[in-house]
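Protein chains in written order, with the working numbering: chain G, 1 to 248; chain F, 1 to 248.
Be aware that a few hints might be false.
BS3-like cross-link-like pairs, simulated, lysine-lysine; straight-line CA separation at most 25 Å [what the hints assert, rightly or not]:
1) G:K18 / F:K48
2) F:K18 / F:K48
3) G:K126 / G:K97
4) F:K48 / G:K48
5) G:K48 / F:K104
No lab work stands behind these hints, which were simulated from the structure alone.
These numbers were taken from a predicted model, which means no experiment stands behind them.
There are 2 protein chains.
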Amino acid sequence: MNQNSSRQNILIGIPLYKNFDALDVVGPHQTFFMQDPQLTTLLMGPAKCDPVESYEHLRILPDWSFDSCPQLDVLFVPGGVRFDDTLCDETYIGFLKRQAAGAKLITSVCTGALLLAAAGLLDGYKATIHWGYKSVLKLFPNVIVADGFPRFVIDANRITGGGISSGLDEAMAIVSILVGNDAAKRGQLIMQYAPQPIFNDGDPSTAEPSILYEVSTDLRGSVESLSRKVEQVLSGTCPKPKGKGAGK
Amino acid sequence: MNQNSSRQNILIGIPLYKNFDALDVVGPHQTFFMQDPQLTTLLMGPAKCDPVESYEHLRILPDWSFDSCPQLDVLFVPGGVRFDDTLCDETYIGFLKRQAAGAKLITSVCTGALLLAAAGLLDGYKATIHWGYKSVLKLFPNVIVADGFPRFVIDANRITGGGISSGLDEAMAIVSILVGNDAAKRGQLIMQYAPQPIFNDGDPSTAEPSILYEVSTDLRGSVESLSRKVEQVLSGTCPKPKGKGAGK
Chain G
1 MNQNSSRQNI LIGIPLYKNF DALDVVGPHQ TFFMQDPQLT TLLMGPAKCD
51 PVESYEHLRI LPDWSFDSCP QLDVLFVPGG VRFDDTLCDE TYIGFLKRQA
101 AGAKLITSVC TGALLLAAAG LLDGYKATIH WGYKSVLKLF PNVIVADGFP
151 RFVIDANRIT GGGISSGLDE AMAIVSILVG NDAAKRGQLI MQYAPQPIFN
201 DGDPSTAEPS ILYEVSTDLR GSVESLSRKV EQVLSGTCPK PKGKGAGK
Chain F
1 MNQNSSRQNI LIGIPLYKNF DALDVVGPHQ TFFMQDPQLT TLLMGPAKCD
51 PVESYEHLRI LPDWSFDSCP QLDVLFVPGG VRFDDTLCDE TYIGFLKRQA
101 AGAKLITSVC TGALLLAAAG LLDGYKATIH WGYKSVLKLF PNVIVADGFP
151 RFVIDANRIT GGGISSGLDE AMAIVSILVG NDAAKRGQLI MQYAPQPIFN
201 DGDPSTAEPS ILYEVSTDLR GSVESLSRKV EQVLSGTCPK PKGKGAGK
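Same shape as in the complex, but just chain G (with noise of 0.2 Å):
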């Protein structure tokens, strides 16, 4: 049925750390999964048996530690809310750097673009990020952010998602790129993704100034704090890690 059938498989890592957005996660995965076995993905963490914690306290097991990961066809880094420490964790932005050497496909969603950019990944790039946190972004000299609210930008070999949800939509034309229209269009199905929201404030654009207010007020202390953590990695002043394990 599948004109690309003859495809060896393909890998795609999605690397875990302390409160990643699960739908980050699962909304690509799943969208991924129905590829199966054409596209095998694979969660990785610091370390194999330890769960990982998302911000919405979902604990959820990694499939390889960071250091036992073989090389990834396809690096797909999700976004997470109080995760401002793991832009200057060694070990998870080294292994960012590590495998994007030999990745085919460099991808983040929502906040993950931070995490891309502060590995130096996006250099050069058009990318985009979650509506709220573009200032964030841009704060990055090199990194050229897309205007507006788009779902994901593609540019080169690098594909950047917007907020949250947009990875749906992203996988999907990853999955579209890697194996096939018609693939996408199977798994859309099979996803029943025909997408309704009730309400129409799913970004700046279109919703209504008294939720775009309170909401993005709601931002402000998260985007400031990823501001300084962005300005220390571009100076260099991450703090170093204290201890015995410390960045593990």
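Dock chain F against the given chain G, drawing on the hints supplied.
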């Protein structure tokens, strides 16, 4: 800011089982979490310390065991794949019956409707399910299966969703009922839920005929297998659990 901020905390429970669909759980979980602290969403499984594995091989740790779980305000039953035995699992179905007796809302997404129906909790109610499994839900003589492919159906205090990704739209509707429209809109904006699928094959009403044919063919085996299991449920001929700890 929130007109309902004086409301007390509402407890939502998502009971997991082997081979649940990960996005059925995490889409709604993320949507509900955006209303923290008004909504608290917790996962339950056979044992608190044992991860439950999704059909996609995600291993998630539950917050509670079925035995220790307090009375829920909202019961949310996810769908799954190759989960036929759960329809006859006295521990799981017993948990649904016990919780439903005191819950304010009794809800499901995707094939989770079959579990609610097996527990007798959809008798006399209108309901929906993943588009590919409508024929299986129709085997329950007292369930009124909705026409077409709605994202979700509300009938009194029963809310049932369509396939997998429908859970996002359904959860937003549940938030709107529990916490108010503005809360649901704020959650939508934070999650940047302004979906734009790159194709238009999300349900049988729009899918290309060749795509619909291929996916329907792929689903045939699981539809037949689930239908046989439903016949066992309806005729009271579920196999008896074997040996120590069965059904646990």
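- Would you check the hint for K48 of chain F and K48 of chain G, treating anything up to 25 Å between C-alpha atoms as holding? Status holds; Cα separation ~19 Å.
- For the pair we were handed, K18 of chain F and K48 of chain F, check the Cα-Cα distance against 25 Å. 14 Å, holds
- Query: Regarding the pair K126 of chain G and K97 of chain G, is the alpha-carbon distance no greater than 25 Å?
  - Reply: Measuring from Cα to Cα gives roughly 18 Å; hence the hint holds.
- Query: CA of K48 of chain G to CA of K104 of chain F, is that 25 Å or under?
  - Reply: Not OK: K48 of chain G and K104 of chain F at ~39 Å, beyond 25 Å, violated.
- Task: Decide if the proposed pair is consistent with the structure: K18 of chain G and K48 of chain F, CA atoms, cutoff 25 Å inclusive.
- Result: The given pair, whose Cα atoms are some 21 Å apart, holds under the 25 Å limit.
Consistency note: the structure conflicts with earlier hint 5 alone.
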